[in-house]
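With the hints as extra help, turn the sequences into a complete structure.
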Amino acid sequence: MATELDNIELRPARRQFLKGAAALAATLVAPGVMLYKTGQASTSGQQLRWGLLIDTNALSEADVDACVDACQREHGWKAEVNSPTAAQWIRKVKLTDTESGHQRFLPMMCQHCADPPCVDVCPTGASFKRADGIVLVNKHTCIGCRYCMMACPYKARSFIHETLKDQLPVAPRGKGTVESCTLCVHRVDRDGANAVPACAEAVNQGGRKAILFGDLNDPQSEISQRLRKLGAVKLRADMGLNPGVRYQGL
Amino acid sequence: MQIHPPLLRLLASIILLGASAVGLVAAADVSTSSFGEIAIPSPNKPADAANCVEPVAVMRRDHMKFLLHQRDTTVLEGERGKKYSLVGCIDCHNPAKANEEIVRYEDPQHFCAGCHNYASVKIDCFECHADRGLSSSQQSNLSLQADRLQLSMQTFRQKLEQPRGD
Chain A
1 MATELDNIEL
11 RPARRQFLKG
21 AAALAATLVA
31 PGVMLYKTGQ
41 ASTSGQQLRW
51 GLLIDTNALS
61 EADVDACVDA
71 CQREHGWKAE
81 VNSPTAAQWI
91 RKVKLTDTES
101 GHQRFLPMMC
111 QHCADPPCVD
121 VCPTGASFKR
131 ADGIVLVNKH
141 TCIGCRYCMM
151 ACPYKARSFI
161 HETLKDQLPV
171 APRGKGTVES
181 CTLCVHRVDR
191 DGANAVPACA
201 EAVNQGGRKA
211 ILFGDLNDPQ
221 SEISQRLRKL
231 GAVKLRADMG
241 LNPGVRYQGL
Chain B
1 MQIHPPLLRL
11 LASIILLGAS
21 AVGLVAAADV
31 STSSFGEIAI
41 PSPNKPADAA
51 NCVEPVAVMR
61 RDHMKFLLHQ
71 RDTTVLEGER
81 GKKYSLVGCI
91 DCHNPAKANE
101 EIVRYEDPQH
111 FCAGCHNYAS
121 VKIDCFECHA
131 DRGLSSSQQS
141 NLSLQADRLQ
151 LSMQTFRQKL
161 EQPRGD
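First to last, the protein sequences are chains A and B.
Here the working numbering is used: the first residue of the first sequence is 1, the next is one more, and so on.
Here the working numbering is used: the first residue of the second sequence is 1, the next is one more, and so on.
One thing to keep in mind: the hints can contain errors.
Stated by the list, open to error - Straight-line Cα separation of at most 30 Å, DSBU-like style, residue types lysine-lysine; simulated pairs:
hint, chain 1, residue 1, chain 2, residue 2
1, B, LYS65, A, LYS94
2, B, LYS65, A, LYS175
3, B, LYS45, A, LYS129
4, A, LYS175, B, LYS82
5, B, LYS65, A, LYS129
6, A, LYS78, B, LYS65
7, B, LYS97, A, LYS234
8, A, LYS78, B, LYS97
9, A, LYS139, B, LYS83
10, A, LYS139, B, LYS122
11, A, LYS129, B, LYS97
12, A, LYS92, A, LYS234
13, A, LYS129, B, LYS83
14, A, LYS229, B, LYS45
To be clear, the hints were calculated from the coordinates, so they are not data collected in a lab.
Predicted model only: the values in this text are computed from it and were never measured.
Quick look at the structure:
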């Protein structure tokens, strides 16, 4: 048991080492050039890290359905009924306590890990993590191999099998590429810390904040303060991926 | 280098002869400004074409370089709303029109398609990107479709949740 745990702990460390090596190489290749930066500047002086805090206590089944619906409207995707190839931007997960029969619903999407396995396995670098922590697929370089779909423990990615029409300007998506939740990156790039992802917008009516978006690295941000005060769960924290989406009430 | 005057005269006459031959061919169909059977494309320009991000000559030659460069800064670094944006091009050159047929890239009348067809350029931008601007009514139409789909999904889920006989 102890050795198993040791192995789990080793993995992120190895990743850190590889990342360090890559950073060193980058500075040698292009001294003085920032390889990755983002449109939004950090207010805390620390590296930005966008995340979500989802309060499952405040979410009914209808709320989670509303999240899924809002995401579909925002990005123009449709989930094919009864299809193993259905799009997985966001989906509803039902947890049932078999003893008491108590049910709980939560929206499941890309967890925007700090150490994303989908990035580790991508052969072309198309699956990448932005400097502000958002994990994306660069569809210009995605070759559709689907390694990232296999690697993702949250099943947060899906592949587009068919030719699409009528895509929305904010969400380009097409046959032969993998896609997933973008944390509404077009809104984030436009509004910064005040951005509200579509799923959050759908359930945050009347002043309540069932889904809170914010900078996890800024100790003054609302999301950090709420995390400090109330705590939250990282799904499958045992894997040490440090997801940016946190759940309360699980 | 100096060219001998008689040689220069010979060269000039050859050039003149060639030019007149081309003139004869062109004179046959000058009114439609075409050469042979293939019409030279002259895509409709938006009313405020003078406000394009670069002069027409620069855009004709270099638009693909601008787009290729900016797509990487947009996707990797999140720099949106900069000078050369594909969405910006489409919003201006193929805008949403109320109660009109949407012009798609497959249509030779599409601003991009006219020249690309003429020059045999094959692009795959519009396999993913929107090839037309989107009006609010079209946007809500798409939402309606999503609503209908949502309803059918709900019935499907209800069926799934019914206990099976086996």
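If any of the earlier hints don't hold here, list their numbers in rising order. The structure conflicts with hints 1, 3, 6, 7, 11, 14, although it agrees with all the remaining ones.
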